[in-house]
Amino acid sequence: MSSALSIRQLTKTYGNGFQALKGIDLDVAEGDFFALLGPNGAGKSTTIGILSTLVNKTSGTVNVFGHDLDREPYALKRCLGVVPQEFNFNQFEKVFDIVVTQAGYYGIPARDAKARAEEYLTQLGLWDKRNEQSRTLSGGMKRRLMIARALVHRPRLLILDEPTAGVDIELRRSMWGFLTEQNRQGITIILTTHYLEEAEQLCRNIGIIDHGTIVENTGMRELLGKLHVETFLLDLKTPLAVAPALGGYPSRLADARTLEVQVDKSRGMTELFRQLAEHGIDVLSLRNKTNRLEELFVSLVEKNLSKVAV
Amino acid sequence: MSELRPNLVALNTIVYREVRRFMRIWAQTLLPPAITMVLYFVIFGSLIGRQIGEMDGFTYMEYIVPGLIMMSVITNAYGNVVSSFFGSKFQRSVEELMVAPVSPHTILLGYTIGGVLRGLAVGAIVTLLSLFFTHLQVHHLGITVLVVVLTATVFSLGGFINAVFARNFDDISIIPTFVLTPLTYLGGVFYSIHLLPPFWQTVSLGNPILHMVNAFRYGILGVSDIDIGVAIGLMLFTTVVLYVFCVRLLVSGRGMRT
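Protein chains in written order, with the UniProt record's numbering: chain H, 1 to 310; chain D, 1 to 258.
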């Protein structure tokens, strides 16, 4: 599989001396659905800014589908579609005009541009709003407008910087479906998000960036495999006054009807349920306390924080 | 892939978007200069002008009409680019252009042509309105067109520079208020510099707008306070210098890239 994105020793130091990127290496394969995660200020948006040429890099190389950012910036830009975190379209322009104009910037003649605008606005449920000024759209519609705009020149690599921020769950799920379909059709997607459930569901590979360095760059399955202990919440049929003593399963009562249990992967859950049955405890349902990826993410970032602090 | 054809499409797109913008807000862009100039024609041309008598062999109304046309061209060419480009920076929609494979020349030409077209549109409106007050005979069509296009180009490029450096809306009104307006009023719109004492005549020659207004007046009336060749040369030189400076600003990404 060829490379969609290759970043080597990328650094960025802002004018005030803040070093946002400290020499990151990152590879994303063609056709991948890749999650780039990190806490606020970790360097995600700076990386995306450099890719989209809105931020000047200090050093290092960036290559998109074989096109070097320094030597072939226009060829690189043609391969790239970017959905930024902040709304960055003219609030007074009509929805249709915004998409058609963007196509024009990529050299797509008006007739083709209009056909493509109709195609993407329809797919994203905005065709009825095509003659509305963009400022009258809801937040979710504005995000979808930016996706339509980013796709209109048919990029091979689509980068979405928190595309579902502030979007309700129903719309978020429909956007997941849309993006999954785009990826199935061959578009490589890089996604940054704070919804780790989203990253876990959509992405096959993951990079975690923190304090300007990549602390993890691996497959989602491999990463989740590193999670040895999961915390489950068990909803109980009858309330308990004290937590039962469960051998090998640290537990505590979250409330009288909710038992919190840590399960080591090596032990599994059969033994847990056997012990619960011995104590005469009936379990109605169980769920993860937090998203699995979230547990890993927090532990990785905390580990990195302690290194940085040292 | 050749970059020429896509850049031509992009140029067409930027120009179309610029024209659509100033046509959409015509009540802010085309109407005010028309009303202002009608007031100038009535008050300075008809009422006060009758008392002044002739200037350089023409009625006062005939004399000030070319200057007033140029005044509106200058103000509107500059204003169009400074407000449009700063507006796109303010709303961050300039990022749409920056992420696309559009060359700095295409971006600059697009905004400049947009400014020139607004300047010419307002100039045409003011010219038509002036016909209600006086007769206009074009002495030299070629010079008239060349001068008005060059002037609009110079001030469109000036507006672009202002927009690149501007950080807030106050910054886009400082130059028009404190530089352009005084230079225009002292640039021979309302009087011949021969009315001034010799010292102030010499000082006035340092005002670039004086050269533009007089070159345009020469195209319309055939009279000028200054040498036409010098005026046109100055405009061409200024256009080239400003264009090169603007391209360098775009390449560096000043005010747009961090």
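In short, the hints are calculated from the structure, not lab data. Computed from a predicted structure; not experimentally measured. Don't take each hint at face value.
Listed next, the in silico DSSO-like pairs over lysine-lysine satisfying Cα-Cα at most 30 Å (straight line) [claimed, not checked]:
1. 289(H) - 89(D)
2. 129(H) - 142(H)
3. 114(H) - 129(H)
4. 226(H) - 142(H)
5. 142(H) - 114(H)
6. 89(D) - 22(H)
7. 89(D) - 237(H)
8. 265(H) - 89(D)
9. 226(H) - 265(H)
10. 226(H) - 89(D)
Chain D stretches covered by chain H per the calculated footprint, using a threshold of three residues with CB under 8 Å from any CB of chain H [stated by the list, open to error]:
11. 13-20
12. 165-178
13. 249-258
A virtual CB, placed ideally from N, CA and C, is assigned to each residue, including glycine.
Check the hint pairing residue 89(D) with residue 22(H) against an upper bound of 30 Å on the C-alpha distance. holds (29 Å)
So if I understand the rule, the pair passes when the alpha-carbon distance is 30 Å or less; does residue 226(H) with residue 265(H) pass? Cα-Cα ~10 Å, so holds.
Just to be careful, I want the Cα atoms of residue 142(H) and residue 114(H) compared with a cutoff of 30 Å; is the pair within it? holds (19 Å)
Taking only the CA atoms, is the gap from residue 226(H) to residue 142(H) under or equal to 30 Å? Cα-Cα ~38 Å, so violated.
Using a Cβ cutoff of 8 Å, are there at least 3 residues of the segment 165-178 of chain D near chain H, or does the coverage claim fail? violated (count 0)
Given the hinted pair residue 226(H) and residue 89(D), is their alpha-carbon gap at most 30 Å? With Cα atoms ~45 Å apart, residue 226(H) and residue 89(D) exceed 30 Å; violated.
Between residue 129(H) and residue 142(H), does the CA-CA distance stay at or below 30 Å? This hinted pair holds, its Cα atoms lying about 11 Å apart.
Between residue 265(H) and residue 89(D), does the CA-CA distance stay at or below 30 Å? Not satisfied, since the Cα-Cα distance of roughly 53 Å exceeds 30 Å.
Checking C-beta pairs, does the segment 13-20 of chain D have three or more residues closer than 8 Å to chain H? holds (count 5)
With the threshold set at 30 Å, check whether the alpha-carbon distance from residue 89(D) to residue 237(H) stays at or below it. It is violated: about 60 Å lies between the C-alpha atoms, which goes past 30 Å.
Between residue 289(H) and residue 89(D), is the straight-line Cα distance small enough, at 30 Å or below? Roughly 44 Å separates the two Cα atoms, so the pair is violated.
Test coverage of the segment 249-258 of chain D by chain H using CB-CB distances below 8 Å; three residues minimum. Satisfied; 4 residues make the cut.
Violated hints, listed in ascending order, are 1, 4, 7, 8, 10 and 12; each of the other numbered hints is respected by the structure.
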